[in-house]
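**Q** Given only the sequences and the hints, what does the whole structure look like? Please build it.
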Amino acid sequence: GRGPALRGHAFGSLGRGSCWPGAPWEESGRLLPERPAGCTPHRPRRAGPATALASSLWPARGSGDESCAMGRLLGVGRDVLLCGLSGLAADVACQCVVEQKVDSGLDLQRTAAVTTFTGLYIGIVCNGVYSLYPKFTDRLLRILASSRHRGLAVSLSTPSSKGLLSGAVATILDNGVHVPGLYIPSYLISVNLLQGASWSQVQTIMRDEWFPAVSSCLGFWLPFMAVNFSLVPASHRVRAVAFANFGWTVILDHITHHTH
1 GRGPALRGHA FGSLGRGSCW PGAPWEESGR LLPERPAGCT PHRPRRAGPA TALASSLWPA
61 RGSGDESCAM GRLLGVGRDV LLCGLSGLAA DVACQCVVEQ KVDSGLDLQR TAAVTTFTGL
121 YIGIVCNGVY SLYPKFTDRL LRILASSRHR GLAVSLSTPS SKGLLSGAVA TILDNGVHVP
181 GLYIPSYLIS VNLLQGASWS QVQTIMRDEW FPAVSSCLGF WLPFMAVNFS LVPASHRVRA
241 VAFANFGWTV ILDHITHHTH
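Residue numbers for the sequence shown follow the numbering used here, so the first one is 1 and each next one is one higher.
In case anyone wonders, no lab produced these hints; they're calculated from the structure. Treat the hints loosely; a few may be bogus.
[As the list claims (entries may be wrong)] Beta-carbon label-pair distances, calculated as ranges:
#1 P185 - S147: 32 to 38 Å
#2 F243 - S161: 27 to 33 Å
#3 D208 - S161: 42 to 48 Å
#4 S160 - V98: 38 to 44 Å
#5 W210 - S104: 27 to 33 Å
Nothing here was measured: the structure is a model prediction, and the numbers come from that model. Note that CB positions come from ideal geometry on N, CA and C, so glycine has one too.
**A** So this is what it looks like as structure tokens:
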């Protein structure tokens, strides 16, 4: 994803002395290498995506992950700032260069809307969404391993093969589900509402501009994200998108303002 992959912590939901086969044991605040006598095996419920993201950013007190969570929060804050600056620079460039508004004055309300959306959506939402993509790769490998294609699952589980598979799965999910289903609608709705458009106007804009925006988005982001998910380290993907977003914002602005 565009953010670091989440790593769950198994002990957050367990009471003292809880345990399950094949895992470290917790008793009296200590992790034990073997299951204590009388310890009832127990598997915690699998956390959903929202719970996993929340526990990653705000772990339980005493879990030992507070410093890591603070580092992640600072990283997200830095991504929000960088993405917001990318949106700001892109919209100013678009108004000055593409739309030639230097003499008539810049539309500062639009610049503020684009800056706010870009910073918050890419900096926060994309960090969360992209951290979920590796889970789909793991799920696919488990399905293959439990079927007659077990040999294929084993060969795809090597580090190099799994990296390419993860990149391909993430690229397909991002461009086939996330962009048309969430990113483009969020952009068209929020940016136009922030500029003072009515809901009926936003609905018209969505009908007229959703398909052209999605088509152009695929042409730009499909190859870029294939490289980003496959070759760029997870901790740097949002920042890579922030830089690429400068060019994309100019393209999307051109589509949304010059379709007709």
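**Q** Run every hint past the structure and note whether it holds.
**A** Consistency of the hints with the structure:
The hinted range of 32 to 38 Å is satisfied by P185 and S147, whose Cβ atoms lie roughly 36 Å apart. For the pair F243 and S161, the beta carbons lie near 29 Å from each other, so the given range of 27 to 33 Å is met. Checked against the hint of 42 to 48 Å, the C-beta distance between D208 and S161 comes to roughly 43 Å, which is consistent with it. Between S160 and V98 the beta carbon distance is about 42 Å. The supplied range of 38 to 44 Å therefore holds.
Evaluation of the 27 to 33 Å hint for W210 and S104 yields a pass: the beta carbon distance comes to about 29 Å.
Checked against the numbered hints given earlier, this structure breaks none of them.
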